[in-house]
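Engineer: So the chains spell out like this:
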Amino acid sequence: MIRRTSLGGLIAALLVLLPLAVQAQEASVTTWIVEGEAWVFIGILVMGGLAAVGIFYAKAGHTISARAMPAVEAAEDGIGRAVEMGRPVVFVPGVQGITKAGTIAGLSILRLVAEKCAEVGARLIVPCRDTIVTSIARETVEDAYKQAGRHEEYRSEDVFFISRRQLAYTAGVNGVLEREHPATVFLQGEFSAESLIFGETGNRAGAMLIAGTDKETQLPFFITTCDHTLIGEELYAAGAAISKDVLTLGSLRGVDLARLVVGAIIVLGIVLEIARLGWIRTMLGG
Amino acid sequence: MERLLNIDRQWIFLVVVVVMLVGAIAQPLIPMPISSESRQLYDVVGAVPERGAVIVAMDYGPASKDELDAMSVAVLHHAFARNLRVLGICFDQQGVSNAERLIMDVAADSNRRDGDDFVFLGFQSDMTAAILGMGTSIKDVFPEVMVDGESRTTAELPVMRGLEKLEDIALSVQMTGSKDYEKWINYGNARTGLTLATGATGAIVTGLYPYLSSGQVSGLLRSTRGAADYERLVLDAHPGLERSAGRKMSVQFLAHIMLLVFIALANVGGLLGRRTAAEDDPA
Amino acid sequence: MRTRIPLALAAGMVVLMVLAFFSPKLKATYESPINNGLFIFMAFAVVPAIVSLIRLHVARIRRKHPDSIYSGIALSALFATLFCGLIIDKHAFNGPSFRWIVTFIFEPLQQAVFAFLAFFIVSAAYRAFRARTLEATLLLFAAVIVMIGNAILPLPGPSGPAELWLLTVPSMAVQRGIILGVALGIIAQSVRILLGLERGFVGRG
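Chains as they are written, first to last, in the working numbering: chain Y, 7 to 292; chain G, 1169 to 1451; chain E, 16 to 220.
Because the hints were derived from the structure by calculation, they are not lab data. The beta carbon of each residue, even a glycine, is placed where N, CA and C say it ideally should be. It is possible that some hints are incorrect.
Stated by the list, open to error - Taking CB as the label site, the calculated pair distances span:
1) E:Thr96 with G:Ala1445: 16 to 22 Å
2) Y:Glu158 with G:Arg1269: 53 to 59 Å
3) Y:Ile286 with G:Pro1201: 35 to 41 Å
4) E:Arg17 with G:Arg1269: 46 to 52 Å
5) E:Ile69 with Y:Val52: 47 to 53 Å
6) E:Ile49 with G:Arg1269: 39 to 45 Å
7) Y:Glu125 with G:Arg1269: 50 to 56 Å
8) G:Ser1382 with Y:Gly181: 41 to 47 Å
To be verified - In silico DSS-like links for lysine-lysine, alpha-carbon gap of 27 Å or less:
9) E:Lys40 with Y:Lys106
10) Y:Lys152 with Y:Lys250
11) G:Lys1307 with G:Lys1351
12) E:Lys40 with G:Lys1307
13) G:Lys1351 with Y:Lys106
14) Y:Lys106 with Y:Lys122
15) Y:Lys65 with Y:Lys250
16) Y:Lys122 with Y:Lys152
17) Y:Lys122 with Y:Lys250
18) G:Lys1307 with G:Lys1333
19) Y:Lys106 with G:Lys1347
20) G:Lys1347 with G:Lys1307
21) Y:Lys250 with Y:Lys106
22) G:Lys1351 with E:Lys40
23) E:Lys40 with G:Lys1333
24) G:Lys1333 with G:Lys1347
25) G:Lys1333 with G:Lys1351
Make the full structure from the sequences, and use the hints.
Structural biologist: So, in structure tokens, the structure goes:
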């Protein structure tokens, strides 16, 4: 379902692009297209197009399901655990800003976790590093409580900004974990060197840890310290898997198609290289 | 077995402190071979012709300072010893003063003149725009710099003679503790063919091996080990460099042994526990 | 309306920034004003965040929370730094008292927090590197080989040092797979933003 607002946005972008581009400020910049990047542009169009195909496939009424992800299944158990133990849930939406894809994915999961917490009456604490993310997280959690009809239980002081500095934020979150003794800690988004510190401190606090990041360099730390981890693109798929939103699941099917295309190109490339026919490498600019 | 499996964290931390102190004091000498990727970086810097220009981008803040300062100093020392022109940059807001201090200190030790042999171009908040901009004109991205405490126009500096854009730079060596090396690769190497080398912290260095393998990065320093290797290589040809990473490797040697002992204890305890459980319950 | 405008803006920006990435002419026109606009938004967003931080800690102090002393320290540090920057340094960027605070308080504290990693790595390794399952055993062997090869003594491998082979062959293959998957996931997320299906950044549902 293409929302009318998105279509409006697309049309607005094109209307803005064409006339203003003609009056480009930089007269010295005369090149319209960067040379040698045509294949990258085509690749983006093809992969994006396949994702869109998946969405329209779902819109047409086909049933799509995501494979089971242990971390997703554990999320509900973790929130239930918090209610039983009378301890809060802490959600850390990553350490990067709203411009990062991992942060957007983390905030999507926050919405679902907040809805569940509101439904069962678990306290949710969300310490944030970025100021814009703090505002969005606050609105997200408040809206979740409103939708669950428990707005009176929403505590605005539980969604707060700590610091923009990486290790000051790390120390602040550590303090929250040590003082509040949460039953469950969600670490969902983009993380860097503080991932191990969060994992270990969460363990010391006796919490169940459910992590998810798209940063492959931080995955080993989460896997060794956390009970469940969403690996790489599972972070982007988790929102769809939890909400079971048909159209979002459709985009996952589109990504699977794109993955098949990439795999086929890789296999073809290997075969051609073995046969000493490097035209695909040459064509792609290698 | 239970004790082996459940050593209290406080005891573990105490042992860590003791081992680190012993390592820092005793300084055992470790005869490790020099890694191939460190040698690769050394050769790449060595291949830059005399008076060729090298960018040294110290894109890290206080958190990564201990791991990356040693390699920054070693690379700067090597570049100055070979009489290369050095352009210092820092894209991490928290690391600017440290980066400037490092380049000034090493330059002073090597008798290099600010403005003639090197310049600290400074900081730009938007790294992507800056690297893209340098692909067209370095002086437009950094129009003014501080030289000997005075503000000067970048274009008029002797060190910048003939250096218009990234294509005029022989090599860029970036030290980083985050994944922003991808920006140098995507916008520096891919767009302009800039030769790149990277020094990275242990937490993120594994992400660079694909780029090293594909040739997009021409040399790699792997955390303290890479810095120690590079120090040895530089000291062989150009004495005068302090072995700070080499001293840290001595501490790492003992720390790694300690870590292996703890892992062995945990696994031995687990194995004995499983045997005991099997003997108690043969069914 | 509160959701439609951000969604429409996001969709438009996706198109614009993708095209601008490949077009130097469009990039020259749009990238700088958009980035400057983003920095301005971020600067303004600091104000409500700081206000909420102050309210949070003042409330804790008023309620005589058991850990209210830390709230007192946080507020004192905040106001002292503001005082140094605005009054003592007279709004100068990176003035002397600011630099003193950064060099002698902030940086040592950052390094101290970062030093936790040394302790946590040991306790995490002790707890996690146990041969309980096949995967855990593989993880254990890989970790031991890399640790020994990195700092103790070189171990022979299929082609050169064993730890280098592990880092450059299986580890790199897995990382490439994860990077590819993440890239495809980001493209799918961007398409969802374009079509107004992704609402994580909007706040209100």
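Engineer: Against this structure, judge whether each hint is valid.
Structural biologist: A quick look at each hint next to the structure:
{"no.": "1", "hint": "E:Thr96 with G:Ala1445: 16 to 22 Å", "in the structure": "violated, 58 Å"}
{"no.": "2", "hint": "Y:Glu158 with G:Arg1269: 53 to 59 Å", "in the structure": "holds, 55 Å"}
{"no.": "3", "hint": "Y:Ile286 with G:Pro1201: 35 to 41 Å", "in the structure": "holds, 38 Å"}
{"no.": "4", "hint": "E:Arg17 with G:Arg1269: 46 to 52 Å", "in the structure": "holds, 49 Å"}
{"no.": "5", "hint": "E:Ile69 with Y:Val52: 47 to 53 Å", "in the structure": "holds, 50 Å"}
{"no.": "6", "hint": "E:Ile49 with G:Arg1269: 39 to 45 Å", "in the structure": "violated, 34 Å"}
{"no.": "7", "hint": "Y:Glu125 with G:Arg1269: 50 to 56 Å", "in the structure": "holds, 55 Å"}
{"no.": "8", "hint": "G:Ser1382 with Y:Gly181: 41 to 47 Å", "in the structure": "holds, 43 Å"}
{"no.": "9", "hint": "E:Lys40 with Y:Lys106", "in the structure": "holds, 25 Å"}
{"no.": "10", "hint": "Y:Lys152 with Y:Lys250", "in the structure": "holds, 21 Å"}
{"no.": "11", "hint": "G:Lys1307 with G:Lys1351", "in the structure": "holds, 20 Å"}
{"no.": "12", "hint": "E:Lys40 with G:Lys1307", "in the structure": "holds, 20 Å"}
{"no.": "13", "hint": "G:Lys1351 with Y:Lys106", "in the structure": "holds, 14 Å"}
{"no.": "14", "hint": "Y:Lys106 with Y:Lys122", "in the structure": "holds, 25 Å"}
{"no.": "15", "hint": "Y:Lys65 with Y:Lys250", "in the structure": "holds, 14 Å"}
{"no.": "16", "hint": "Y:Lys122 with Y:Lys152", "in the structure": "holds, 12 Å"}
{"no.": "17", "hint": "Y:Lys122 with Y:Lys250", "in the structure": "holds, 14 Å"}
{"no.": "18", "hint": "G:Lys1307 with G:Lys1333", "in the structure": "holds, 8 Å"}
{"no.": "19", "hint": "Y:Lys106 with G:Lys1347", "in the structure": "holds, 13 Å"}
{"no.": "20", "hint": "G:Lys1347 with G:Lys1307", "in the structure": "holds, 26 Å"}
{"no.": "21", "hint": "Y:Lys250 with Y:Lys106", "in the structure": "holds, 24 Å"}
{"no.": "22", "hint": "G:Lys1351 with E:Lys40", "in the structure": "holds, 20 Å"}
{"no.": "23", "hint": "E:Lys40 with G:Lys1333", "in the structure": "holds, 18 Å"}
{"no.": "24", "hint": "G:Lys1333 with G:Lys1347", "in the structure": "holds, 24 Å"}
{"no.": "25", "hint": "G:Lys1333 with G:Lys1351", "in the structure": "holds, 17 Å"}
Hint violations for this structure: numbers 1 and 6, all remaining hints satisfied.
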